[in-house]
Amino acid sequence: MKALILVGGFGTRLRPLTLSLPKPLVDFANKPMILHQIEALKAIGVSEVVLAINYQPEVMLNFLKDFEEKLGIKITCSQETEPLGTAGPLALARDKLIDDSGEPFFVLNSDVISEYPLKEMIEFHKSHGGEASIMVTKVDEPSKYGVVVMEEKTGQVEKFVEKPKLFVGNKINAGIYLLNPSVLDRIELRPTSIEKEVFPKIAAEKKLYAMVLPGFWMDIGQPKDYITGLRLYLDSLRKKSSPKLASGAHIVGNVIVDETAKIGEGCLIGPDVAIGPGCVVEPGVRLSRCTVMRGVRIKKHACVSSSIIGWHSTIGQWARVENMTILGEDVHVCDEIYTNGGVILPHKEIKSSILKPEIVM
Amino acid sequence: MKALILVGGFGTRLRPLTLSVPKPLVDFANKPMILHQIEALKAVGVSEVVLAINYQPEVMLNFLKDFEAKLDIKITCSQETEPMGTAGPLALARDKLIDESGDPFFVLNSDVISEYPLKDMIKFHKAHGGEASIMVTKVDEPSKYGVVVMEDTTGQVEKFVEKPKLFVGNKINAGIYLLNPSVLNRIELRPTSIEKEVFPKIAEEKKLYAMVLPGFWMDIGMPKDYITGLRLYLDSLRKKTPSKLAAGSNIVGNVIVDETAKVGEGCLIGPDVAIGPGCIIESGVRLSNCTIMRGVRVRNHACISSSIIGWHCTVGQWARLENMSVLGEDVHVSDEIYTNGCLILPHKEIKSSLVTPEIVM
Numbered sequence: 001m002k003a004l005i006l007v008g009g010f011g012t013r014l015r016p017l018t019l020s021l022p023k024p025l026v027d028f029a030n031k032p033m034i035l036h037q038i039e040a041l042k043a044i045g046v047s048e049v050v051l052a053i054n055y056q057p058e059v060m061l062n063f064l065k066d067f068e069e070k071l072g073i074k075i076t077c078s079q080e081t082e083p084l085g086t087a088g089p090l091a092l093a094r095d096k097l098i099d100d101s102g103e104p105f106f107v108l109n110s111d112v113i114s115e116y117p118l119k120e121m122i123e124f125h126k127s128h129g130g131e132a133s134i135m136v137t138k139v140d141e142p143s144k145y146g147v148v149v150m151e152e153k154t155g156q157v158e159k160f161v162e163k164p165k166l167f168v169g170n171k172i173n174a175g176i177y178l179l180n181p182s183v184l185d186r187i188e189l190r191p192t193s194i195e196k197e198v199f200p201k202i203a204a205e206k207k208l209y210a211m212v213l214p215g216f217w218m219d220i221g222q223p224k225d226y227i228t229g230l231r232l233y234l235d236s237l238r239k240k241s242s243p244k245l246a247s248g249a250h251i252v253g254n255v256i257v258d259e260t261a262k263i264g265e266g267c268l269i270g271p272d273v274a275i276g277p278g279c280v281v282e283p284g285v286r287l288s289r290c291t292v293m294r295g296v297r298i299k300k301h302a303c304v305s306s307s308i309i310g311w312h313s314t315i316g317q318w319a320r321v322e323n324m325t326i327l328g329e330d331v332h333v334c335d336e337i338y339t340n341g342g343v344i345l346p347h348k349e350i351k352s353s354i355l356k357p358e359i360v361m
Numbered sequence: 001m002k003a004l005i006l007v008g009g010f011g012t013r014l015r016p017l018t019l020s021v022p023k024p025l026v027d028f029a030n031k032p033m034i035l036h037q038i039e040a041l042k043a044v045g046v047s048e049v050v051l052a053i054n055y056q057p058e059v060m061l062n063f064l065k066d067f068e069a070k071l072d073i074k075i076t077c078s079q080e081t082e083p084m085g086t087a088g089p090l091a092l093a094r095d096k097l098i099d100e101s102g103d104p105f106f107v108l109n110s111d112v113i114s115e116y117p118l119k120d121m122i123k124f125h126k127a128h129g130g131e132a133s134i135m136v137t138k139v140d141e142p143s144k145y146g147v148v149v150m151e152d153t154t155g156q157v158e159k160f161v162e163k164p165k166l167f168v169g170n171k172i173n174a175g176i177y178l179l180n181p182s183v184l185n186r187i188e189l190r191p192t193s194i195e196k197e198v199f200p201k202i203a204e205e206k207k208l209y210a211m212v213l214p215g216f217w218m219d220i221g222m223p224k225d226y227i228t229g230l231r232l233y234l235d236s237l238r239k240k241t242p243s244k245l246a247a248g249s250n251i252v253g254n255v256i257v258d259e260t261a262k263v264g265e266g267c268l269i270g271p272d273v274a275i276g277p278g279c280i281i282e283s284g285v286r287l288s289n290c291t292i293m294r295g296v297r298v299r300n301h302a303c304i305s306s307s308i309i310g311w312h313c314t315v316g317q318w319a320r321l322e323n324m325s326v327l328g329e330d331v332h333v334s335d336e337i338y339t340n341g342c343l344i345l346p347h348k349e350i351k352s353s354l355v356t357p358e359i360v361m
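Sequences listed follow chains Y and V, in order.
The first sequence runs 1 to 361 under the working numbering.
The second sequence runs 1 to 361 under the working numbering.
Note that these hints are calculated values from the structure, not bench results.
A couple of the hints might just be wrong.
[Said to hold, decoys possible] Heads up, incomplete: computed chain V residues facing chain Y, CB under 8 angstroms, no partners named:
#, residue
1, Thr12
2, Arg15
3, Leu19
4, Leu345
5, Lys348
6, Met361
Here a beta-carbon is modelled for each residue, glycine too, at the ideal position from N, C-alpha and C.
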């Protein structure tokens, strides 16, 4: 089976992290974002993944060589020369997605994290016999999104309503599709929207079905949602009793710590914390609701919450970092500094406190 | 003769421009910053230039290959693995700077623009017979800088005073040196400051001489000074090679326009404007005190002053950009938008006006 992951874009909402790496390679729960998806695809037998990209192909390609070997799955790139929207890239990658098997192929949106129940999706797709299946997820405020109106029992999709003013349903497109090759005949090689142009047509022919995504779902393309997403992801690990979660007297709630990271005495870590490879967390540090990327050093008695600390940064002694502070790569926060929602670009030193949210360039 | 250009650093003060290319490759007056210096060195007979860098060597090296061929001068890189200060890089590049000729070598700071009177500096150096010569430049507010106290007739340097509270002189280090190979024996291979550790010792031995830089001088490492620097540079072109400046009824003051750029009807361009290769300035556009980088399109009736427009941007019809707005690469300002002093990171679209200075990420 084949799969396409829609990568596209410049990842500007995840700056300053995406000033160092293209978004799919930004780590989430100690693993490049895109690896979560590639692994889920590999697990159900996908043999080839096509990445639809339009930015920094060289960086992506280098990464891919590493992972092709480690994972034993073929990974190729399909590069847009102009932005092709959410359907155009499928037409561009047509030859890679269709083979003689006639099997359906997956399409994933790269910003999404979920449990990826792809096996169940294959079964759902076979049983309804339609042309296309999409995952939908329940949200509290559907009026902010595109709502999928569907028949409850069969899942047959009636229509899509963009940002509905009156309540029509509370399921939105989760960005995970399973499509028959015939869908490609509906897509021209031009900038095209799959939600606005392609799916509505298939729905009108009563050949589009939606499955409600079990478990969590999050679009982690911006820092606030990235942090919420980590909570949901770790919670899902807890439910599966995953051995990946850390335990000990200094751990509270769900926490993952890379095996090469070091944590000093008297720390209190968690809930909802990810500590990456090679990190050094010195004694007496408090971490909650935060991601600490590869190679970070957090000095004694510091306190970090609801923040993302980028690769190879350092946080000084007694520093207090909170409220959606995002440190890009190689940022050094001096001792005793306070940052409240500071968004710091790479290669900077913070020598005075940041009392209210601002971008430091 | 050899020369070393101190490139170092991440160029954070020139962001968002330096998010796209390393600082030495950012264009100034339609030419990469570092090319101004390399050409001045070539003109005075330097056969090899060493660039002391610590960031993005691959990008620099690609650029260099192009220019080595075009300029017929040898250009090599000396890469710091840790920041070596302002003298350490000289020790690191020792083997490249010394040869059997025993000639002195130049050291330039990459952020500086000036007329580069290097031939006069060589004569000055030979005449005084000391070990090291430095260029100094007169400033209005010496208390903000490191002041060089020198004997007026001979130029012999007595001492350096950092940010003096009482007036001791008004000449500061201009970042252009001519050093005998013996100076390298004074520099250890560790982070070292040339102004604080090396030069004061040479001055004590009465072997350091300073020459007052004729013509203009500017450190263009930040947007405000970059814009002032363009004014000074174009003013100097007016005095020396006025044929390079644009002329015509739509030009006021000093303006350079690349030959591949197009300027429409009814425009008023200048003073102190640089328009780069491939730019399209539509009709009725007003430009003053600004730099327009390669590939920019400025639409009808727009008005830009005291700003820097990065590569491949577009500025919409009737848009007004002023007061130190800096657009990174590939930024698109919609029609009728106003921006006041805003710094916009690459690959963004500005669809609503920004009335007070801010960073848009």
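To see whether the hints hold, each was checked on the structure:
1. Thr12: 6 angstroms, holds
2. Arg15: Holds: closest Cβ of chain Y sits about 5 angstroms from V/Arg15, inside 8 angstroms.
3. Leu19: 6 angstroms, holds
4. Leu345: 7 angstroms, holds
5. Lys348: Since the shortest Cβ distance to chain Y is 6 angstroms, the answer is holds.
6. Met361: 5 angstroms, holds
Hint compliance for this structure: no hint is broken.
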